[in-house]
Amino acid sequence: MLSLLWHEFYSRRTDILGWSLGLSMFALVYLGLYPSMADQMAVFDLSDLAFYEALGVADMATFEGYASGTVINLLPIILVVYAISTGTGALAGQEDDGTLELIVTLPLPRWQIVLVKAVGIALALLAIVLLTAVVVMAIFAGIQNEITTTIEVWDWLPLMLAIWPLTLAFSMASLLFGAIAPTRRMAGMLATVFVLANYAGDAVTNMSPTYEAWQVFFLFHYYDNTSAAFSEGVFVGGAVLLLGLAVLFWATAVVVFQRRNLMVGKWVWQ
Amino acid sequence: MTPAMIQTQDLTLYYGSQRGIEALDLQIEAGEVFGFLGPNGAGKTTTLRILLDIIRPTRGTATIFGLDCQKEGVAIRERIGYLPGELNLPTGMTANQYLDLLAGAREQKTHGRVYRDTLCERLSLDPTRKMRDYSRGNKQKVGLVAAFMSQPDLLILDEPTGGLDPLVQQEVLDLVRETQADGRTVFFSSHILPEVQAVCDRVGIIREGQLVATEHIEDLTHQQFRRVKLFLQSLPPADAFTAVAGITELSREEDKNVVLLEVRQNMGELLHTAVGYGLNDLETLPVSLEEVFLAYYGHKNGRANQTNQANQTQEEGGNDA
Numbered sequence: 002m003l004s005l006l007w008h009e010f011y012s013r014r015t016d017i018l019g020w021s022l023g024l025s026m027f028a029l030v031y032l033g034l035y036p037s038m039a040d041q042m043a044v045f046d047l048s049d050l051a052f053y054e055a056l057g058v059a060d061m062a063t064f065e066g067y068a069s070g071t072v073i074n075l076l077p078i079i080l081v082v083y084a085i086s087t088g089t090g091a092l093a094g095q096e097d098d099g100t101l102e103l104i105v106t107l108p109l110p111r112w113q114i115v116l117v118k119a120v121g122i123a124l125a126l127l128a129i130v131l132l133t134a135v136v137v138m139a140i141f142a143g144i145q146n147e148i149t150t151t152i153e154v155w156d157w158l159p160l161m162l163a164i165w166p167l168t169l170a171f172s173m174a175s176l177l178f179g180a181i182a183p184t185r186r187m188a189g190m191l192a193t194v195f196v197l198a199n200y201a202g203d204a205v206t207n208m209s210p211t212y213e214a215w216q217v218f219f220l221f222h223y224y225d226n227t228s229a230a231f232s233e234g235v236f237v238g239g240a241v242l243l244l245g246l247a248v249l250f251w252a253t254a255v256v257v258f259q260r261r262n263l264m265v266g267k268w269v270w271q
Numbered sequence: 468m469t470p471a472m473i474q475t476q477d478l479t480l481y482y483g484s485q486r487g488i489e490a491l492d493l494q495i496e497a498g499e500v501f502g503f504l505g506p507n508g509a510g511k512t513t514t515l516r517i518l519l520d521i522i523r524p525t526r527g528t529a530t531i532f533g534l535d536c537q538k539e540g541v542a543i544r545e546r547i548g549y550l551p552g553e554l555n556l557p558t559g560m561t562a563n564q565y566l567d568l569l570a571g572a573r574e575q576k577t578h579g580r581v582y583r584d585t586l587c588e589r590l591s592l593d594p595t596r597k598m599r600d601y602s603r604g605n606k607q608k609v610g611l612v613a614a615f616m617s618q619p620d621l622l623i624l625d626e627p628t629g630g631l632d633p634l635v636q637q638e639v640l641d642l643v644r645e646t647q648a649d650g651r652t653v654f655f656s657s658h659i660l661p662e663v664q665a666v667c668d669r670v671g672i673i674r675e676g677q678l679v680a681t682e683h684i685e686d687l688t689h690q691q692f693r694r695v696k697l698f699l700q701s702l703p704p705a706d707a708f709t710a711v712a713g714i715t716e717l718s719r720e721e722d723k724n725v726v727l728l729e730v731r732q733n734m735g736e737l738l739h740t741a742v743g744y745g746l747n748d749l750e751t752l753p754v755s756l757e758e759v760f761l762a763y764y765g766h767k768n769g770r771a772n773q774t775n776q777a778n779q780t781q782e783e784g785g786n787d788a
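Heads up: the sequence lines are chains A and B, in that order.
First residue of the first sequence? That's 2 in this note's numbering, and the numbers climb one at a time after it.
First residue of the second sequence? That's 468 in this note's numbering, and the numbers climb one at a time after it.
These are computed hints drawn from the structure, not numbers from a lab.
It is possible that some hints are incorrect.
[To be verified] Not everything, but these chain B residues come out facing chain A in the computed CB check (under 10 Å):
#	residue
1	Tyr482
2	Leu519
3	Ile522
4	Tyr549
5	Leu550
6	Pro551
7	Glu553
8	Leu554
9	Thr558
10	Tyr565
11	Gly571
12	Gly610
Built from N, CA and C at the ideal position, the CB exists for glycine as well.
My request is simple: use the sequences and hints to build the entire structure.
Shown next, in the form of structure tokens:
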């Protein structure tokens with residue numbers, strides 16, 4: 002099983018480098034530009050607009066607000082695209098391209114195959130988050146003296162690490178959709194709808210006090226993308242809950258994968 | 468009593484209302500090379516995939532080594548080498564990396580590496596290249612090495628010679644023979660009949676999801692129909708033999724008074740009629756597995772259609788030849 006696990010991680014090496022580079026470039030653009038526009042941003046007050054607040058970009062007047070509204074807010078949304086892609090690719094993708102057949106005929110129980118896939122995805126996401134975090138911290142160290150902020154370089158690490166449980170939960174949901182659906186395309190559609198519903202649901206319930214109680218049903222609610230995360234620390238309870246959901250999605254994927262007919266392009270119940 | 472190597476009872480699979488296989492009863496003994504014949508869509512691959520627990524049957528049971536394929540799949544697969552019919556390999560790896568991965572997952576120790584290298588050499592496979600650069604034949608060779616390299620007790624090969632050149636095809640058949648000589652078992656699905664005839668002890672013919680025959684190859688080719696050449700003193704009229712049920716005249720050489728017949732039944736009546744035209748000699752010609760196979764699928768195949776009709780007559784009429 003260890004050789005399969007190593008293969009799962011190693012085969013994602015170009016994904017890890019590519020996504021880390023892409024996310025780092027994104028962070029470089031936003032953080033690197035800040036010193037030159039800090040004065041303009043200082044008068045940029047969006048706090049009265051519920052819509053922006055719902056999208057996590059309410060406070061752009063301070064560096065903390067700017068950083069949380071851009072890097073902390075948008076990086077996980079971008080990385081969720083990879084979470085969907087790799088989550089649906091692990092089972093449904095390999096089933097579609099036929100490479101799963103020789104793997105499932107190895108002397109391994111199916112749950113171990115799903116476990117290996119899940120651990121491979123989790124490690125890849127963690128590696129992307131860590132590499133990006135290192136670059137973000139380096140960028141911040143480079144601009145720290147040019148801006149007014151109370152943030153220290155190491156404050157970024159827990160905030161960046163908090164991206165991992167959120168994207169892991171979505172990747173495991175995608176893995177589950179891959180175990181249920183007849184094709185990767187269908188799994189990808191389901192996973193995309195799931196992510197969009199969670200994002201839109203969180204945004205809408207954020208905007209309206211009437212629906213505030215519904216926030217608990219949306220995964221983005223458990224990820225703190227506000228500037229408070231810098232001063233008060235990450236939402237540990239939310240991160241733990243997201244990790245728990247990731248395990249739940251994985252366990253459900255195991256049950257579903259255990260039952261399904263493979264290589265026939267059918268839904269699990271067919 | 469030693470359990471059969473592979474045994475299925477009433478094995479049935481439906482995808483909703485779509486038929487996969489129906490009430491398949493199959494028994495394969497240890498040390499056999501068993502050929503599984505049928506055209507595309509007949510249910511060969513479905514059967515193999517049920518045995519490997521890739522898909523689950525709607526009803527019925529399947530055992531290998533006396534173990535239940537669904538409940539004890541891991542223990543079974545430890546002793547099986549499998550070549551899928553539609554082989555797809557990860558393109559970003561070299562064959563060596565991929566074979567290492569499979570060997571590692573089987574916890575195969577380094578002594579297996581010597582045999583693996585021998586297999587690569589015999590099949591003329593360069594395992595150091597990326598698999599995206601391989602032709603279909605080379606990919607098939609990787610699949611064959613993967614199936615054979617652990618020297619398993621049972622090999623399940625789905626169309627093993629597809630995409631291979633004739634020389635390598637022969638090498639594969641030699642490997643199958645050596646596997647059998649080693650006391651191991653091969654379950655061999657194919658629609659290339661000469662190769663099945665060359666290496667298999669018994670064959671099963673599957674048609675529209677149902678097993679229509681399981682016979683030793685010799686029995687199958689002898690029992691289904693015979694081709695008989697009659698050397699006569701005088702040439703009989705054209706309908707002299709075809710009037711007898713189960714007999715089809717294939718050709719005649721008028722200058723030599725020779726008639727070639729296909730006989731499914733009523734051999735006694737045929738001989739009686741032939742004696743009336745001065746039977747000098749009689750020769751029974753071999754029937755190939757391909758001809759037998761076509762007879763089973765006769766409704767779609769020209770001349771064999773006649774034999775199929777004769778078969779129906781036989782069923783209606785009662786007696787075998």
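Please verify that hint: isoleucine 522 of chain B, Cβ, nearest Cβ of chain A, below 10 Å or not. holds, 4 Å
Does the CB of glycine 571 of chain B sit less than 10 Å away from some CB of chain A? Constraint on glycine 571 of chain B satisfied, holds at 3 Å.
Interface hint check: threonine 558 of chain B, Cβ to nearest Cβ on chain A, cutoff 10 Å. Holds or violated? holds, 9 Å
Was the hint right that leucine 554 of chain B lines chain A, CB cutoff 10 Å? holds, 7 Å
Report holds or violated for the interface hint on tyrosine 549 of chain B, using the least CB-CB distance to chain A and a cut-off of 10 Å. holds, 5 Å
Supplied contact hint for proline 551 of chain B, tested at 10 Å Cβ to chain A: With Cβ-Cβ at 5 Å, under 10 Å, it holds.
Does tyrosine 565 of chain B pass the interface check with chain A, least Cβ-Cβ distance below 10 Å? holds, 9 Å
Report holds or violated for the interface hint on tyrosine 482 of chain B, using the least CB-CB distance to chain A and a cut-off of 10 Å. holds, 6 Å
Take the shortest C-beta to C-beta distance between leucine 519 of chain B and chain A; is it under 10 Å? holds, 5 Å
Double-check leucine 550 of chain B for me: the hint is only fine if its C-beta lies closer than 10 Å to a C-beta in chain A. Holds: closest Cβ of chain A sits about 9 Å from leucine 550 of chain B, inside 10 Å.
Next item in the hint list is glycine 610 of chain B. Is there a CB on chain A closer than 10 Å to its CB? Holds. Min distance 8 Å.
Evaluation of the interface hint that places glutamate 553 of chain B against chain A, nearest CB under 10 Å: holds, 6 Å
Against the hints set out earlier in the document, no violation occurs for any number.
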